[in-house]
Every structure is written in structure tokens, then in C-alpha cells.
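If you read the sequences in order, they're chains C and W.
The first sequence maps to residues 57 to 230 in my numbering.
The second sequence maps to residues 8 to 196 in my numbering.
Calculated directly from the structure, the hints in this document are not laboratory data.
Since we're looking at a predicted model, the values are computed, not measured.
Glycine is no exception: its CB is placed at the ideal position from the N, C-alpha and C atoms.
There may be inaccurate statements among the hints.
[Stated by the list, open to error] If you anchor each label on the Cβ, the simulated ranges turn out as follows: (1) R100(C) x D67(W): 34 to 44 angstroms; (2) D67(W) x S117(C): 23 to 33 angstroms; (3) E96(W) x F119(C): 38 to 48 angstroms; (4) F119(C) x R87(W): 48 to 58 angstroms; (5) R145(W) x R83(C): 53 to 63 angstroms; (6) P15(W) x T136(C): 52 to 62 angstroms.
[What the hints assert, rightly or not] To give an idea of the interface, some chain W residues facing chain C are shown, with a C-beta separation under 8 angstroms as derived from the structure: (7) T27; (8) F33; (9) Q51; (10) F54; (11) V55; (12) A60; (13) P62; (14) R63; (15) W64; (16) L83; (17) Y85; (18) V89; (19) L91; (20) Y139; (21) G166; (22) R170.
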Amino acid sequence: MPKTEDDPLGPEFSRRLRGELDRVQPRFSSPRYLAASGRRVTWRLAPAVLGVSLIGILALSLFAATGSPNPVVWSERVVTAIHPNGATPTPSATPQEHRGARPATPSRQGEDNSSPEPSERPEPTEQPEPTEQPEPTGRPEPAESPEPAQSHSGDSSQVRPGSGSSGGGDSGSD
Amino acid sequence: MPADTYQPGSKDDFDRLYQTAYPRVFRTLSAILADPEAAEDCTQDAFVQAFQAWPRWRPDAPAEAWVHRIAVNRALSYRRGVKLRAVGEVLRRLGRPAPAKDPADEATRPDLLTALRGIPPKLAAAIVLRHYHGYNNREIAAALGVSERTVGTRLHQAGERLRTVLEADFSLGAPSAFPSDKRESYAED
């Protein structure tokens with residue numbers, strides 16, 4: 057048997073190994089990869105099936121909540137639920153700031169102007185009646201009071217007695 | 008090996024590869040694994056893995072060597088689990104008589120294959136790929152996933168071990184008179 061450095065076993069070993077392995081015959085069996093390919097396709101479709109199922113559940117729950125099959129209504133309902141007050145200026149503002157800022161917002165002022173309150177506004181214009189009540193002419197006290205602050209209002213009455221006394225003096229001297 | 012005749016991802020080409028390579032891969036694993044059913048299971052599992060990776064196969068390596076690589080790795084994994092399964096089998100058969108051996112099977116059992124199963128499986132795979140399939144060092148390196156230098160080293164070590172084992176029992180050219188019964192005895196990996 058010639059044995060080389062590259063083939064230490066020699067050609068006889070190859071011949072005998074070939075003969076013995078050729079006697080080993082594989083049993084007939086169906087390829088398993090054909091069955092595995094079906095499972096592989098199923099697992100490949102699993103994420104898509106899961107996504108469609110989630111979307112369906114979400115759509116059914118929205119339909120039950122809004123009572124409408126129209127997705128536009130769903131979106132409006134969602135917007136309403138997220139933003140119940142559309143007049144909030146900034147989402148970062150605290151509720152205390154909202155309370156203090158609400159009367160100063162121009163939108164609220166606009167609402168006040170548009171309200172029917174202007175019919176009550178004329179009340180202050182009709183109030184001059186109380187101011188007319190303390191008429192100085194109707195009160196005798198300011199005329200009788202010797203206060204100098206009221207001399208302007210009682211000049212005409214003081215002139216008359218003065219003029220009368222002077223006239224009486226004249227008649228008395230006569 | 009007609010490596011350039013296969014298209015990656017083509018099911019028809021993989022069917023053709025299966026028809027061509029399945030018996031050869033099965034015989035390779037039969038030289039590594041003592042149990043023919045285990046060799047068949049590992050071969051089938053290897054083709055399942057190969058089919059799943061078939062779209063990613065690159066034609067720069069021979070398709071049969073690529074399947075051989077998957078199959079040998081699968082056989083190595085199987086042999087690592089043989090010891091654990093053997094313990095479970097002993098416990099399961101505790102108290103029962105051992106199954107009767109077929110005299111005809113023992114008479115026709117080749118001792119050369121028994122000697123191959125007695126050396127490390129990586130060395131046995133290199134021997135089968137060289138002396139049965141006729142692979143050169145480059146193809147063996149592609150099939151085993153090692154360098155050509157490692158292939159040369161493995162072939163040399165396997166030759167030395169087999170020559171020691173076979174010359175101790177009989178000459179390489181003479182048939183076996185006393186076939187040994189080492190059905191599940193493996194060498195260390």
C-alpha cells in the first residue's frame with residue numbers, strides 16, 4: 057500500500073471506506089423542509105395578523121364609544137377628549153395660572169362684549185338722579201351755615217341781606 | 008459539485024440539491040454518528056436549516072459543502088447531547104431487559120465505520136469528505152468552516168489515529184472477523 061505524506065492511509069483505505077459507506081442506504085422519508093416551509097410562512101404573517109387584529113379591536117371600541125362608523129367622528133371625539141377647552145393658551149400653564157388668566161384673556165372680553173349686558177350698562181348713565189337729589193337750592197343748611205367754604209354758593213343770599221341792612225341804615229339815619 | 012447551477016432562493020433548485028446531496032450528507036453523518044436514525048434526523052434538520060437560509064446562500068461556496076457544514080455542526084450538537092440522553096435512557100430502561108441485537112446486523116456492521124466513530128467527529132468528517140466525497144482541502148475548509156491549514160492538520164491527525172486503531176485490530180485490507188459492538192460509544196469531541 058503506497059502511503060504518502062498527504063494521504064497517510066493510502067488508496068486502499070479510500071476504496072474500503074467507499075465500499076462500506078455505499079452500503080449505507082438512507083431510508084425513504086419525505087423532506088422535512090417542505091413541512092417547515094408552511095410553518096415559516098405562517099410565522100412570517102404573524103406580525104401582520106397581529107397588527108390587523110389590533111386595528112380592528114381599536115375600531116370596534118371607537119365605534120362603540122361614539123356610536124358612529126365614521127372615522128372622522130372618532131377623530132373629533134378624540135380631539136374633544138384630549139382638549140376639552142380649546143381656549144387654553146399654553147398647555148404648560150398651571151391650573152392656578154389658568155384661573156388668574158381667564159378674566160384677562162381677550163377672548164373672554166370679547167364674549168362679555170357680545171353678551172346682552174349692554175342693556176344694563178345704561179344704568180350708570182341714568183344714575184344722575186341721586187346726584188341731583190342733594191341740590192344745594194333745596195337744602196337750607198348750606199345757606200345758614202357760616203362756613204366760608206360755602207360762601208360761593210351763598211353769595212347771592214348774603215348780598216341781599218347786606219344790601220337790605222345798608223338800606224335800612226340809610227332809612228334809620230334819616 | 009455544480010455550485011453555479013443553483014440559484015439562491017429558488018425552491019426548484021433546492022429540491023434538486025436535496026435529491027443530489029441528501030444521500031451523500033446522510034452517509035457523512037453515518038460515519039460520525041453510530042445511530043442511523045440519528046443520522047437521518049440530523050440530515051433532515053440540516054436541510055431544514057439550509058432551506059430557511061437558502062435565500063441568503065452565496066454561490067461562491069459549493070452548495071453541497073454549505074449543507075455539509077450545517078449537517079456536521081448539527082451532528083456535533085447531537086453528539087454533545089448523547090451523554091445526557093444516555094443517562095435518561097438508562098433510567099427509562101431500568102429493570103427491563105436490553106433489546107435483542109440482530110445477528111445479521113452485527114455480521115454486516117462495518118468496522119471501519121466503527122473506527123471512524125471512535126475518533127473525534129471533526130477528524131472523522133474531514134476523512135469522509137476527503138476519502139469518500141473526494142473534496143480537496145479548499146472544499147473541506149468550506150464545508151467545515153476552518154482554514155485549509157487546519158484541514159491539513161486534521162487529516163494528518165485523523166490518519167494517524169485511524170492507522171493506530173485499525174492496525175491494532177487488523178490490517179486495512181482484511182475484513183473484520185470480530186466486529187466490535189460500540190454502538191453508542193463516541194470519542195471525545
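Now the hints, each set against the structure:
The given range of 34 to 44 angstroms is broken by R100(C) and D67(W), whose C-beta atoms sit roughly 27 angstroms from each other. Take D67(W) and S117(C): their Cβ atoms lie about 54 angstroms apart, and the range 23 to 33 angstroms is violated. The given range of 38 to 48 angstroms is broken by E96(W) and F119(C), whose C-beta atoms sit roughly 59 angstroms from each other. Checking the proposed 48 to 58 angstroms range against F119(C) and R87(W) shows it holds: the Cβ atoms sit about 56 angstroms from each other.
Restraint check, R145(W) to R83(C): a C-beta distance of roughly 33 angstroms breaks the suggested window 53 to 63 angstroms. Checked against the hint of 52 to 62 angstroms, the pair P15(W) and T136(C) passes, with Cβ atoms roughly 55 angstroms apart. The beta carbon of T27(W) is not positioned within 8 angstroms of any beta carbon in chain C (closest approach about 13 angstroms), and the interface hint is therefore violated. Taking 8 angstroms as the C-beta cut-off, the interface hint given for F33(W) holds, the closest approach to chain C being about 4 angstroms.
Below 8 angstroms, beta-carbon pairs count as interface contacts, and Q51(W) has one with chain C at about 4 angstroms; its hint therefore holds. Taking 8 angstroms as the C-beta contact cut-off toward chain C, the hint placing F54(W) at the interface holds, the least distance being around 5 angstroms. Evaluation of the V55(W) hint against chain C yields a held restraint, the C-beta minimum of about 5 angstroms falling below 8 angstroms. Taking 8 angstroms as the C-beta contact cut-off toward chain C, the hint placing A60(W) at the interface is violated, the least distance being around 11 angstroms.
A cut of 8 angstroms between beta carbons decides the hint on P62(W): the least distance to chain C is about 11 angstroms, and the hint is violated. Below 8 angstroms, beta-carbon pairs count as interface contacts, and R63(W) has none with chain C, the closest being about 14 angstroms; its hint is therefore violated. Checking W64(W) against chain C: minimum C-beta separation of about 14 angstroms lies over 8 angstroms; hint violated. With 8 angstroms as the threshold, the beta carbon of L83(W) stays out of range of chain C, its nearest partner Cβ sitting at about 19 angstroms, so the hint is violated.
For Y85(W), the interface hint is violated, the least distance from its beta-carbon to any beta-carbon of chain C being 15 angstroms, above 8 angstroms. Because the smallest distance between the Cβ of V89(W) and any Cβ of chain C comes to about 19 angstroms, over 8 angstroms, the interface hint for this residue is violated. Restraint check, L91(W) versus chain C: the minimum CB separation of about 24 angstroms is more than 8 angstroms; hint violated. Annotation: Y139(W) was flagged as interfacial toward chain C, and the flag holds, the nearest CB pair being 5 angstroms apart, inside 8 angstroms.
Restraint check, G166(W) versus chain C: the minimum CB separation of about 4 angstroms is within 8 angstroms; hint holds. For R170(W), the suggested interface contact is upheld, since its CB lies about 6 angstroms from the closest CB of chain C, less than 8 angstroms.
Against the hints set out earlier in the document, violations occur for numbers 1, 2, 3, 5, 7, 12, 13, 14, 15, 16, 17, 18, 19.
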